[in-house]
Amino acid sequence: MDKRKLFISPVTRIEGHANITIELDDNGNVSDALFHVNEFRGFEKFCEGRMYTEMPTITPRICGICPTSHTLASVKACEMIQGIQPTYTANLLRRLMHIGQNLSSHALSFFHLSSPDFLLGYDSDPAKRNILGIAEKFPDIALRGIRLRKFGQELSERITGKKIHIMGIAPGGMAYPLTEENRKALLNWIPEALQTVQLGINIIRKFHEENTAMVQSFANSPTLYLGTVGSGGEHELYDGKLRFIDADGIILQDQVSPQQYLDFIAERSVNWSYLKYPYYKPLGFDKGFYRVGPLARLNVATRMKTPLAQKEFEHFKSIGSGKPVHGAFYYHYTRLIEALSDVEDAERILNDPDVTSLHIQHHGRWNYDEGIGSTEAPRGTLFHHYKTDETGKLVKVNLLIATGQNNPSMNRSVLEVARQYVKGDDIKEGMLNRVESAIRCYDPCLSCSTHAMGSMPMVIEVKDKKGELIKRLERF
Amino acid sequence: MNTIPITINDKKLDVDPAKTILEVCRENDIEILTMCHLKGIIDIGACRLCLVEIEGINKLLSACTTKVAANMVVKTSTERIKKYQRITAELFFAERNHVCSVCVANGKCELQQLGYKVEMDHIRYPHLFPHCEVDTSHPWYVMDHNRCIMCTRCVRVCNEVEGAHNWDVMNRGHQVRIISDFNTPWGESITCTSCGKCLHACPTGAIWPKAIVQGQLEKKPEIISELMEKRKMKL
Ligand code: SF4
Ligand code: SF4
Ligand code: FES
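Residue numbers (our numbering), protein chains in the order written: chain A, 4 to 479; chain B, 98 to 332.
No lab work stands behind these hints: they were computed from the structure. Don't take every hint at face value.
[Unchecked claim] Once the Cα atoms are required to be at most 25 Å apart in a straight line, the calculated DSS-like pairs of lysine-lysine come out as: (1) B/Lys316 - B/Lys136; (2) B/Lys316 - A/Lys390; (3) A/Lys48 - B/Lys307; (4) B/Lys156 - B/Lys116; (5) A/Lys399 - B/Lys317; (6) B/Lys307 - A/Lys165; (7) A/Lys131 - A/Lys244; (8) A/Lys165 - B/Lys327; (9) B/Lys327 - A/Lys396; (10) B/Lys205 - B/Lys108; (11) B/Lys180 - A/Lys396; (12) A/Lys390 - A/Lys244; (13) A/Lys326 - A/Lys284; (14) B/Lys317 - B/Lys327; (15) B/Lys156 - A/Lys165; (16) A/Lys165 - B/Lys180.
[Said to hold, decoys possible] Quick partial rundown of chain B residues pointing at chain A, CB under 7 Å, derived from the structure: (17) Thr233; (18) Val239; (19) His242; (20) Met267; (21) Gly270; (22) Gln311; (23) Gln313; (24) Leu314.
We put the beta carbon where it would ideally sit given N, CA and C, even for glycine.
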């Protein structure tokens, strides 16, 4: 069969770039789609031989958007190695920082990367379909988006002195306390942050109403879901147990300790991507696709922890009549519901009288040769797994990251969208953008490259089976 | 006290002839960059950062090991000196594996500060990227040879101040390494008293306590100097 290939490759990114290949059959119909992740930064390998206590400093360098999640997963693995728990106040401060990171990441995803699609339209001029276009037409929204990110970063900065690659989260707790002055300054942000998130929710709900058919049919094939929940099944980002549900919402596993993750998750390497393909072990590679991230977290959760987010959550649940919502488009909505819960939770924590206590660290030393830590990164459940020798030197490191877990589903979503919107070498801008936005729904770690300042720069090549170019399209 | 006249950077001074150029400069607030020097222990002139120009002598001499002499005319901050300081700093970084962003000493490191001081915006020499051991065998401390600059402050402190002489130096050239006892893991040393003085003496992130993470490192090299002052007073 004469298969033709359609490549979509973003070209301006140095690190974390991805290519999409769409394979066409003889009739110009899409036969397959692959999302290649070419980044491989060798962290697991080069951490071997280092002290385990260095991992909370080394691993946040994996990502500039979710460094706090890496630090927290790492520090929890260290605490398991030492056999100690952080202090109450340290947990509050860590939660605040984690909320800050989740908020700025979700704000980036929604206001900077995705809102141009919702507010300006998918088929609008690509040169203006970006945050600058938003700033021109909707200056208040652009500014609010930027300020929400700033609040998120301040939550870290006012505790540790750094916005991004934070220092001072140590096994057993924190190196720095929160001052009263900083507590007050952070509390001042709450009303504005709440308003901004509500505004985002209004935008996305309006878009849902006006585009119901598209939203519902967009990349909506059912999968399993994995997320962290509290002891009552409530939504949880920092510390909880794992819950797996199936495509109908039946709970497959509940209150699983993250330390048992290997009993339920297996990984397989594939030849077209450097990412490993994780799957839910009891169902095997073919049936064990699962998704993580905001959509997954809300699908698995029984309830939200805060009142306003709970109200929005109930609306979300009504979309699937109580069953899991599969459409990848709903990632955007669930991100905003989480952001709402983040702001409410931040307010609760900042009003906890113990948040400024100086009792911020318990002290321990190496006791066990294995540690596993997990947390919910903005993009999904994250696992750090370390093995050490009896001096604390790392002999094995396994990092299971969110984007990796979503990768099989991202492929599938691209394929579905490609089938709906791409036909032969008739390549229209709006169509490609939808393929691209299928990826963007998942907000994979590489997304920051692709839409921050404009439409994704792409070179599209249609090739025949022998690799010869039939058609070439460029968009910068 | 007998004094002798000398001139440093056009400034005329009357100084104690028993002192080194470095000591005189420090007393008179004249800046000299140092790395292997640590007040209180014997100077060895190893790092070559403290080089100064002396009128009538073609070579640059190390301020930490050169005694003042009558009518000496010294310059501490010429273009030639700055050029050598920059070269020296670059070679420190090129010789081992320094990744400040993930180093426990980030923000508290004398080598890193040196890099800023000489405005080292890039390194002109090829990195050696040697394979270096991280010795984690000691129950409390780590010795990471990746970040060692061979200043031997640890060796001298251990020998001269603690009197244990756990640390020493083996090999030559770029294969030179700090060793514990006769090249055994630090944790198995029979001479180390675990006093921690080498940790405070070490200017970089090469020796650090296991219990801390980046942002928590406290190195106090001045405790070595103070300790030696107090000992002198007792005598
Ligand atoms: S020892 Fe100093 S210069 Fe070397 S990596 Fe650490 S902070 Fe950087
Ligand atoms: S371990 Fe530290 S004090 Fe010892 S030689 Fe190396 S850099 Fe200098
Ligand atoms: S300080 Fe003088 S040579 Fe090192």
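Right, here's what the structure says about each hint:
{"no.": "1", "hint": "B/Lys316 - B/Lys136", "in the structure": "15 Å, holds"}
{"no.": "2", "hint": "B/Lys316 - A/Lys390", "in the structure": "29 Å, violated"}
{"no.": "3", "hint": "A/Lys48 - B/Lys307", "in the structure": "21 Å, holds"}
{"no.": "4", "hint": "B/Lys156 - B/Lys116", "in the structure": "20 Å, holds"}
{"no.": "5", "hint": "A/Lys399 - B/Lys317", "in the structure": "34 Å, violated"}
{"no.": "6", "hint": "B/Lys307 - A/Lys165", "in the structure": "23 Å, holds"}
{"no.": "7", "hint": "A/Lys131 - A/Lys244", "in the structure": "43 Å, violated"}
{"no.": "8", "hint": "A/Lys165 - B/Lys327", "in the structure": "40 Å, violated"}
{"no.": "9", "hint": "B/Lys327 - A/Lys396", "in the structure": "39 Å, violated"}
{"no.": "10", "hint": "B/Lys205 - B/Lys108", "in the structure": "33 Å, violated"}
{"no.": "11", "hint": "B/Lys180 - A/Lys396", "in the structure": "40 Å, violated"}
{"no.": "12", "hint": "A/Lys390 - A/Lys244", "in the structure": "22 Å, holds"}
{"no.": "13", "hint": "A/Lys326 - A/Lys284", "in the structure": "23 Å, holds"}
{"no.": "14", "hint": "B/Lys317 - B/Lys327", "in the structure": "16 Å, holds"}
{"no.": "15", "hint": "B/Lys156 - A/Lys165", "in the structure": "46 Å, violated"}
{"no.": "16", "hint": "A/Lys165 - B/Lys180", "in the structure": "34 Å, violated"}
{"no.": "17", "hint": "Thr233", "in the structure": "4 Å, holds"}
{"no.": "18", "hint": "Val239", "in the structure": "6 Å, holds"}
{"no.": "19", "hint": "His242", "in the structure": "11 Å, violated"}
{"no.": "20", "hint": "Met267", "in the structure": "21 Å, violated"}
{"no.": "21", "hint": "Gly270", "in the structure": "24 Å, violated"}
{"no.": "22", "hint": "Gln311", "in the structure": "4 Å, holds"}
{"no.": "23", "hint": "Gln313", "in the structure": "5 Å, holds"}
{"no.": "24", "hint": "Leu314", "in the structure": "10 Å, violated"}
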